[in-house]
Amino acid sequence: MAEQPSSSQEEFLTLPISIPPLPSFPVPTTHHIYLRRNAKVLTRDDKRSLYLVNAPVDSTEPHFRSLFTSLVGAGKFEAVTFECDAKTTKSSIEPAQALRLASHQKKRKREEEEEAQRIRDEVAAEMPSTWSRPLHRSGGSAVVLLADERSVDIVLKAVKKLQKTKQYPVWGEGVGDKAPALGSSWLKAHNKLVYPGNAAMQAVVDAFFTVYNRKEAEAERLARELRNEPDEDGFVTVTRGGRVAPARMDEAEEAKRKMLERQEKRKDETQNFYRWQLREKKKAEQAAFLREFEEDKNKLRAMREKRRKVQPDT
Amino acid sequence: MENSSAKRRKLGNGPFVPVGTSSTPAASAFADATEELLLDVQQDYAKPFDGVDDILGQFKTTIEALEPQGPALISDATAKFEKAKGIRVPYPSPRPAKDSPYKLAFAKPAQVNVVGSYVTKTMIRTQATHAIDMIVVMPADLFQDKDFRDLRYFYKRSFYLAWICAGLKKHFKESMEFNFQFLHGNELLPVLVTQPTKTSRKYAIRVIPCAPENLFPTSKLWPTSNSVRRNGNDSKEAQAPTPFYNATLKAESLYQSYLRLLHSAGKTCPGFKDACILGRVWLQQRGFGSDISQGGFGSFEFSVLVALLLSGGGRKGEPLLAKSLGSSQMVRAAIQYLANTNFQKKPLVFGTHPSDPDAMRQDGPVLYDATRNMNLLWKMTPWSANLLQQFAKWSLAGLKDNSLDQFDPLFIIKVHDKSQIYDLQANVSLPSAAETFQSQDCHGRTWNFSEKLYQVLKKALGERAFLISIYMPNMASWAVSTAPTLAQSGSVAVGVIYEPTSAFRRMDLGPEAEQKKEAAKYQEFWGEKSELRRFQDGGIRECIEWAKESSASIPKQIIRYITQLHFGLDDQSVSLYGAEASISPSDTQYFEVAKEAFRTLEHDLRELQDLPLHINQIAGIGPELRYASLKLPSTEKPIQPMEVVISFEASGKWTDNLVANQKLKIAFLLKIGSSLEEFKEEIKTHLGLDKAVNETHNLAFLDVVYEDGFAFRLRVRSDAEERELEMQTRNKQLDRHTQAEAAASLAIIRRLYTNLPLHTQTVSSWCTRLPALSPAIRFTKRWFACHKLASHINEELIELLVLQAFLKPFPWRTPTSAFTGFLRTMHLISRWDWPEEPLVVDHSDSITAEERSAIFARFRECRKLDPRFNRTVLFVADSHDTGGTTFTRDGPSRVVANQMVKLARSVCELVRANGDLKLLLQPSLKHYDVVITLNPKALKAILREHGASKQSYYKNLGERSTAAVLPLAESPAATLLQDLRTQYSSALVFFHGGQDDHVITALWNPELDQRTRKVEMPASFKPTGNGDTLEIDRASILAEIARIGGDMIEKIKVKGAS
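Going down the list, the protein sequences come from chains F and H.
The first sequence lines up with residues 6 to 319 when you count with the numbering used here.
The second sequence lines up with residues 20 to 1077 when you count with the numbering used here.
Treat the hints as calculated values from the structure; they're not laboratory data.
Quantities reported herein were computed from a predicted structural model and do not represent experimental measurements.
Be aware that one or more of the hints could be misleading.
Said to hold, decoys possible - Derived, one-sided and incomplete: chain H residues facing chain F with beta-carbon distance under 10 Å: (1) Gly692; (2) Met746; (3) Lys1033; (4) Lys1070.
Unchecked claim - Heads up, incomplete: computed chain F residues facing chain H, CB under 8 Å, no partners named: (5) Thr34; (6) Thr35; (7) Lys302.
As the list claims (entries may be wrong) - In the DSBU-like style, the derived pairs of lysine-lysine whose C-alpha atoms are separated by at most 30 Å in a straight line are: (8) Lys921/H to Lys304/F; (9) Lys302/F to Lys433/H; (10) Lys883/H to Lys302/F; (11) Lys1070/H to Lys193/F; (12) Lys302/F to Lys412/H; (13) Lys614/H to Lys197/F; (14) Lys220/F to Lys751/H; (15) Lys710/H to Lys197/F; (16) Lys220/F to Lys672/H.
By construction, the Cβ of each residue, glycine as well, lies at the ideal position given by its N, Cα and C atoms.
Build the full structure now, drawing on both the sequences and the hints.
Spelled out as structure tokens, the structure:
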């Protein structure tokens, strides 16, 4: 996500797009995209990209390609990343033990070859998408990557010029069948994609567990290493039982719960024995009774306030 | 009460300590509430009755000053009087014959007195009319010994009344308006009703002539004696007893006696007066009153009953009520008495009866006051007595419940709402042939007809009906110069409560053919419908088979047929009211088939040998598996699988990583799938992907499809997942966001794997116990769908609401048909003040008082944290889950909840006014901002991909081509809706009525204001042209929706645009 716009930052430019009417909603409309230079410059690519707000819900890369082509001609547009794509932070698939051990260990340098294999495996383990064409949140943002830094200026200039000429680009013009159609064929496709096939899913699951098992094995190996190797200061990490890993959080909790239970039980055994205990108990019951009465009274009061009068319905 | 001492317990179980009157705090809270009620209903006498006492005084002096008239022959006197005064003497029917030999006269009354609730100060504010009764005791010397016979007394009385009327009219011509009326709808007793013309008419004064005490000897007026011999006919038939006539006559001379009784009761018992007022409220809320048309049991009868119970009524004549009881306790005791006594089975006698008990035997309800020789219930019909007893029973059932909650059903709720009470209502016009319903007793024609109708219907409906009730029309008053408007025409209203187990039986069995007499009788009663049939057991019997319930439910068919047969009433004169049951109670069989299929699946799964873990439980969670889905489960294409969850034995094989666990589940499902396919050839399995936002959520399901059979959607439960999430929620080291996410995931998982299986079990067992529950749930769901609330309100929530209406039906009976079940649910919703109170559905009767107060505490906490209902709106706890938000977590929002209550209220109003029931299921689309009409053809085309065949000409061809189709993951409209919701979550609120609804509607979020910031827009915004501000871009959003929907959307209509 973009940072808060500060005063020093460039203002957003408005890029109006004219939307052709459809038979179901025969009203010609104008959609407004707001764009500016990407303010978040972290990599070299960020310098030649534009930050867009309010991308249409049904945007696709072909849509933007043709939009920019109609604005500044072909060859300037390179790619687009949508907010939702960038946003999904992958949940960790590290085994819990690996996570715990990660803090004890320096990052190991991997061979390039190994890294590539790893990426291939992880891609294979990804769940298939159920949509032929994903939609985006209304009012969402996107980052458009252009050919070079100069292109950014050209685009901004062209957008500024639009304010005068009022010749707004038309949404979806020239896209043709480069993007899958929406509507019923889109839903039909979705209904098929929901069932990717048992064999395909088996492959995905298998791929996932190849990755996962490898990670688990690595973690185990690491645990063994840690147990034997003194670290920089000459200390050896103490691990539980010397076999697996440090004790787990939930095990500690379990132990605590058991202890409390034992205490509770001991307490229970000494209840209801002495006369004073019974007396106390009775007193508590009495108090509960009174409290209940008060509650009822409050309820009545509330009822009275609400209806003002307790009147039978007519 | 559990902790009370042995002594207390013993006392509590005594025969007549009324329920809940022990001195627990709850009971005294109840007493407090009644105190409150008494204060509020008490009639203010000073202002509305300003000047009444003066008028009454003037009336008295005027009447007493009237000139006596010498005796004259009836025909002469009448003619003379009517000509001179312009008043028609209100003789009861038949009018005296011209040649009658007896003479009429007028003399100074023996006494003029004001009686009734005005004097005892027991009127209440909400009474329909406030009548002040003034009795005029006629002098004894006007009458002869034989005047009790043949209406003679009543002729004389009418003439006397006419004279009083003439006298009063002369004096109060300007200030008062004069009308005649039948007292309590009794055609023998005309009375004079006067109302002030000038002031706004809040009250009426009734002038009631009556007889002096002991005018006629008791021996002549036993219920078993005959006093009316018409046409001088002395045959045996004509000597039938005339209990009603006799009682009317007897009551004429008992006014003062009863006045004394009530007065002394009020003096000796301090709570008596308030008890009478509470009794009046109780009766009024149930539509009972002294009028014959109101059941003939009003506050007067109630007060007398309480007074009698104060002095007797026990088995050995001991008083049933102590004089020290408080008013609310007395009323409860009286209600308990009414509930436990059947006045019709055997006559009930108060005090010692001097002669043989046979002397008071009569048809209909009897509560005999032996001191006065009077049947207190003489105005009651058999059905009204029955109804009163049921009302008392239902009230009592409510009284056993938690303290304050019993107050509303007892006194506040308007119980007299026929659509809430009865499953079937009918309006039957009186047949025009007059003479057929004459009887010796002077009930009047309407009563006679009603009685006959009651007998016929009772016999015809038999065990199908739990209760039949008939409402006779009110009798209007008439101007003194005209003839009385006797109810010659008009109609009576019939209400029937079903016995749900037998009401919809298609076959009626009669006697066997060999029993000739019975068979002939049966044939006579049923006419040509009855036919002889041989049955499987070899018997040959008379029987009747009713048509299938396609057009009208079976009880309706019976009523139509039998009224036609016995009274010659055609369809126009019998109008039936009640929603046509498009949801038939016999639909349960479809659910049975689905359940059977589920058992097969369960069996097949348990047979699998090669699963890595042992199966612990297989539980259905789909509404089809608990008799509750709106659509009947079917095997037609497209296949819509029923949801099932499987849990395995606890195992350490699950990983400790959430994502890996989800993948493991998929592996599990795939394994189950391949094993099943191997195990049985007819099974096909398809692994499908869930709509998971996050990889830690459930990712997949397995659809198991039986060839030409049902399909099931399996999901696997992982105990490791639950443990892990639980730990995350408790782990203080995690950041708040992760914790909240874990809590949300945990709630979803608990709902799916713990609550839903339990809920399914509960609902399905209640559905088998209460036959009307399943159709009622389905009807209610249809209503929710029609009004497009279904997309916001969980099915399970609807089921709980209906279940609550069934389990806590007070002050009515447990609903016995789909429609009453639905209406009670509406009543429940309309009275539910959801911002202020939680709903607690204790369907297993397992919530203790502590738990209950814990629920209330949690509710209050919830409201305190979130006073604007942003997170928690409805709070519904049940026996399995006291958390309160399981089924309300994802909806409805505050707006929708309010809308639901509003709609339910309008339903209640509609049926109360007997409005057109078709309106119930007609949604209004006017108030929606956007109406999106889907194209049914495009939707069908999508379904066709899944085998929903057009009716193919070649049936075999159509079948073959659908052999390998995929099941339907979700209906296309629902998918579209889901997608729109995700994309426009902050701009629009969508409404949709489920699967078969082709219209999606939406409202704009009114809280989206103008803004200047361009980053993090909640929806599409456009420049306003006014500086830097932006506003929501509605047109472009709608254009987007049109593009998304493509050919599926036929039209998008915007409010205001044509």
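Broken hints, by number: none
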